[in-house]
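Peer 1: Line by line, the protein sequences are chains C and X. Here my numbering is used: position 121 in the first sequence is 123, and no number is missing along the way. Here my numbering is used: position 362 in the second sequence is 363, and no number is missing along the way.
Each hint can be trusted.
In the DSSO-like style, the derived pairs of lysine-lysine whose C-alpha atoms are separated by at most 27 Å in a straight line are:
| id | chain 1 | residue 1 | chain 2 | residue 2 |
| --- | --- | --- | --- | --- |
| 1 | X | Lys218 | C | Lys98 |
| 2 | C | Lys356 | X | Lys34 |
| 3 | C | Lys319 | C | Lys356 |
| 4 | X | Lys34 | C | Lys322 |
| 5 | C | Lys139 | C | Lys241 |
| 6 | C | Lys242 | C | Lys273 |
| 7 | C | Lys292 | C | Lys303 |
| 8 | X | Lys43 | C | Lys122 |
If you anchor each label on the Cβ, the simulated ranges turn out as follows:
| id | chain 1 | residue 1 | chain 2 | residue 2 | range |
| --- | --- | --- | --- | --- | --- |
| 9 | C | Trp307 | X | Ala44 | 29 to 37 Å |
| 10 | C | Pro344 | X | Gly157 | 49 to 57 Å |
| 11 | C | Pro336 | X | Gly157 | 58 to 66 Å |
| 12 | C | Lys340 | X | Ile450 | 49 to 57 Å |
| 13 | C | Arg72 | X | Gly286 | 41 to 49 Å |
| 14 | C | Arg72 | X | Tyr220 | 46 to 54 Å |
The set of hints was computed from the structure by calculation and includes no laboratory data. Even for Gly, the Cβ is constructed at its ideal location relative to N, Cα and C.
Next come the chains, spelled out residue by residue.
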Amino acid sequence: MLKRLLGLLFAQAMIPALAFGLDMKTLHPEAFPWKPPYTADQIAFLEDATYFPAVKNYDCDALEIEVDARGYMRQRATMRKRLQQYEDYRDLLDFKGVTLKPGAPKRKDIIFMLTPPQLKNQTLLSWTYKETPDVRKMVDWWIYIPALRQVRRLATGERSDGVAGGDMTYDDIVGREPFDETHTLLGEDTLPADGIIPEPVGCYVIKAVHTDPGYYLGKRIVWIDKKRFIRWREEQYDKKGDLWKIFERRMEPQGKDAILDHTNWYDWNVKKHFRQWVRIFNVTHEGNFKETEFEPNFLRKEFTWRVPDIGAYPYIKSPKDLPKLPPLLEGRFPSERKWEIPEETKRLIEKERKEDKGA
Amino acid sequence: MFGAAGKGLIAGVLLAGWAGGAMALDGADFRRKIEEFDPLGKAITQPLQMSVPGLELKANLQNLTSLSIHKDMNQNRNLPSTSSNFQGIHWLMDLQTAYRMSPDLKFTVRNMFLYDSAYDWNDGFRNSFYGSMDTLHYYNSMDQIFREWYADYQVGGLQLRVGKQQVSWGRVDGRQILDMVHGFDYTWYPFPTINPFIPVEYQRIPEFMVNADYFFKDYEFQFLWIPNFEPSFGPTVSGSVWEFNQRASSAMDRFSRVSFAKADKPARTFENSQIGVKLGMMKSGWDVSLHYLWSWYDMPTMFQNVLLFDRFNLPPMPKSSLAASSSLNTGFIRDLWPPVHVHLNPKYNRVHKFGLGADRSFDWLGRQWALKFEGRYLKGRYYQVRNYTPENHGWDKADSLLTGVQLETYFYKDWTNILRWDHEHIFGYDGDMLDLPVGSPLNRNQEGIYWTVLKPFGFTNDRLTFRSLWIWLSGDGGFRYEPNMTYELSEKLTVLLGGHLYWGKPGGVFGQFARHDGVDLGLQYVF
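Extracted from the complex, chain X is given alone in its bound form (with noise of 0.2 Å):
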């Protein structure tokens, strides 16, 4: 619907609409009501504080609205088409509470509730996104509305976490290299953003585990047992706005049957844990950590057995039934003929997570410079290959290395500059392997740069802050951009301006999300 100086025009505009609106509300008495506004904390979690010694309570209420500036967000993906003007209208509770038992002691539950309400207030994101799974309308399980609990125990140098929780071993912004121990939620939003009401912590699936930090001088060492696996969750569950355009066109025409095996997670054995280990240390400026994590790929590998119809006598499907039951990329089924069954056994595999990070900071150009590196070498990664036989059931097994180096400065009156290039090799690369979810023809190399610039406004005294990030791939040529603002109302109040922009191929990672563009608008209360 609109092209590329459309996209940046209406962008450019409601950022500067709403930036003007904000200031306008500056001056009146109106102002000061909004500054105030706090009913909750002064009824509730001031004076349950200040009477008992030891609790923490924090709680966010938000609402974060999506326009699709396209109505047929899947125009061009091999998915059925849709017809709203929105990505979603997403409430969330989230409730943290906190009792620090003794100074040693603490316990922390988080508890968070999500509501889309495009579901009840728009006919025609419910007609297009309405899949067979309630929890994309509202968190209904336990395992979702209890996100989070632990308790901590602190001696010395051991710090002890043992629960449901969530570890990151990250430096670096935007993708998660050694940010690899848990699975990501992509029905929030298909990647890391800048956006600060989606940040990573939501994004994150939190795990149980036994987390033991100890440190000693500048060294650290940690060890996690993890004996619940969470996988991923989200890229191909149908109904999902940022479902991946994983279903190839050209394969629904060609192949006559697909049939699914239950993708279970691993029994929840001693044998199936998962173990990490990190060593750290300050040396001479430098922060440097080792890792290994010995766990379970985050999604299921969907091993193929083709079975010839004549041989079982099955008769063909009608094609909406395929449509309808197909899901994950079947791109080798294009060089398939006759019609054939595919049955689809998925299961998750073990892989092994090597892991190197490094940051320092340095003075040049009168200024300082923090420079971030993160190295991740996984082992035994399946990727699926074109290519199908009987004995490799469409996948192929290789390792990768994928590196990240940041930097980082400021310019000018508080101007974040964060520049950052990442790399990704595959070893014993097969020209036919296709990347997945999308189902391209996955690269032996694959690059991305990442621009991002924060300016809080010094005029505003920081109420008002600019978000940017600009990212470009090499593999697809695909580009993402999102820019945001977000204005103090007060300290508990906050609102966001927003907009997220894809351009690319159909096929690629981000081009798949092309006609995805939207404007985000969200207010926060906080208290």
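The following block holds chain C by itself, in its conformation from the complex (with noise of 0.2 Å):
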């Protein structure tokens, strides 16, 4: 307690002046969360504190689902867990680190396979570090692989390769710094009722550039919840400056304490017409980890921390149970929007659409 203290009172002596494309000293970190008007790095990292809850303990089921522009699906229903070193956001604008030194662990997640049974038992275990703009850490991977039964650990693949057959890449998973960015503030703007969005929802759009200049994306734009700071949408666009993908995110409050967390993701590449979904359920903060269940080798036997019931995944039986597509949102912003679909996907989705009013 003593530590958080001291660390938020000389929080902002710490902090460099000028960190990548942020300029720290309009920031002010130690007024945390601010007040309105926001400025555009403020919102981002209001985001960031929302995106992952400041609490200790998390548990849920997931089941993720991946179709592709043929139709081929694949449902993978998962127990995940994660221990996070602080419960407090100011622990990570600590640059300095009096509470949370920079490079040590923040976020320990482990990712239990139940199926398919092919995957089943193979458990992914990340430590994610704190980083600064001059303390950088990559995520360390280990998996579990049943048929060598061992725990290997794996290097980080590149920050733009898809992770596990999926759509979404490392950096989509693992997530940016606020301070790996420069942020714009677009406008604000209401986001209608679709996709998995359930009611319309003001938000702040951010357009967002990463600082390195090789970077794999051009930008990203961001809709940003104007009260509570949910992602609820983020476009990607190539290096060209066309639409690549479209991620909704839909945050509700969970477990006991109704806290605000994730619940469904859904991701559609507009270029190659993949969609994946995941449905997150079962969630609680009120677990007791040990530090010890985040050791690579504590997961070698293929031990669940709960009997998983596999009757409880809302498996779909054909891609028709998607959600209807995210919408383009035509006319809005439209100097910083660009899109250009493939004939072929367009093609599938008008088959679709089709198929949908038909059924």
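Take the two lone chains, each set in its own frame, and fit them into one complex as the hints suggest.
Peer 2: This is the structure in structure tokens:
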């Protein structure tokens, strides 16, 4: 507690004046969570603070569904748990590391595969580290492979590589640090109720451009809830400036304490017409996980931390059961947003729409 | 029959043809039927798991057919000629049943049944490889069929597993250094392989043991008590396709009789137990472990007693009988004349295995690398020597240190590259030592270079995956190359096309299989 107080007290003096694309002088981390009107950077940090709620324990079940342009479908049932090393986002804003040292683990995640049978009992462990503009440390990954009966340390792939056959890249999963990007507030907008978005929602619209000129994305345009800072929608553009992917994220109060957390992800690769829907349920924050459970060798015995309930997973029967595609929001921020959907993809979308109407 | 270029061409054409064929499946209505194919899953495993909480089922049905590129695989080897288009048509059923009685307690049974129909469908194969052991044809013992069975109990930081099981201490791929607890079944394939249809869990021979693992903060302490020793199986089994080139023909011509005592496993007594301990820790990004295993060496030492005929007045045996009765290297006999009677008395001997493992990741050149190290000091192993004396019985004891360093990273779009170097040094080396079971002169230092490439193809959403393993051994200059591709027809069905190619001298570790080049075709249904 004393360390945290000291950290908050000295936080501002310890933060470099200009950290990558951020003008930290205008960020005022000591005043987090700030008051409106927010700067674009502040909105980006607020969104980051919301995306991973600052709770110690996290436990859930998740069903990941992937459907490619030809209708090939994969469904993966998993159990997930997380142990976070901070319960206050200010521990991450404190770049000098009084409370949580830069380079120390900030988050440890386990994903345990239940189905398909081919991947049963395969377990992925990741340690994500606290980074600052001066201290960078990539995520460490380990995988338990039943066919080897071995826990293998993995080298993290390219940040632009897809993970496990899906369309989300390492950066999409691990997340980008807010100080990795420059942010511009494009304006405000109301997202319509569509796809997995349950009701119209007022958002700030932020343009984020990576500070690395060789980065695989040209830019991201992000719709962030004005009240709760949920990143409802994210559009990723390629280096040419064409729309590449649309991600939707739904967060709702979860667990006994009704903490805002993820319940639905829906991603659409516009170019490839690849869809990925992740349904997250049974979310709790009341666990009491121990550090040892997140040690690589602890994975070895194919033993889940609670009895899995395969019957509870909301498997779908066909791609028709997927949510509607996210809307393209034509006419909004036209100078920043352009897309060229391949003819083949257009044809497939049209075909699916007709089939839906027919059904 | 084919030179190096021919082997490469055949493998390349088959890989390309297969990949093209797999792609062509897409786009047809047939494709959807294949994707939905899961009759046994829908009828058995899914409904059972849905209706019985805590029940976990998994089954693997697979066929792995290996076609031989060369008709006579034993040409240039001192083994009987073969005439077979196949190296095996393996049908495998692997059933895994687990029941979670409570959050802390789980029971697991693993049944496996293997049937090689090459014996039924291929005359050449049957005539060439019908050995004395039915087990090469099909699994017929309870030990094989009830491959693993154990109970897990977990409370707090303690993980307890009791029963017939597997324990892997290894970190690096390709060669077992710290993965030293179990014997190895050489009849599947004589080395750990990149072929996903022959995972190393099928090659290890499970053992009954008490396995207690205790975790405290970032420390791990593991204790193994193994009352039942299971040796390796296969390299000297007559009739196995992968029998090592162990019978020196020159010796056949010159000695007259070999007789064997039975290789009895150590009696199941408390004194004959094996004991293993591991201490692991995570410090400053390093995952470090120390290991010790007091065990039996996984293959028997064939102690020799050479008896002169005139002493025992034994008549010489016909050569044909000798060929049939001899099944181990007896190189020392080349130097003996007149003909002798060699009595072999196989015995398992105790060894001490000390291990050190370490790995960590680091960021360099804008990417992450994984560095892994394994070292094993083996104390008390016997090496066969050419110079027999009545005192040494043809063997010398020596210690060895085997180390391996592996570096792993990704390059451009999911190309995993794993580079590995290993080195073995023999302390107290004697120039007369022989490399068993091949029987070529043993080097004091032996090195191997391994290069593995893995590439899932993004345009197929990783349904198509390419793997390649290339190994070079400095000791005998031999090479091994294994390319393969798998294509995920559905989440339940996978097809495989691969190959295994060898180069080197007939007496070398890889060279002995220079005519065992083959093409692997596989189909797997997991439900």
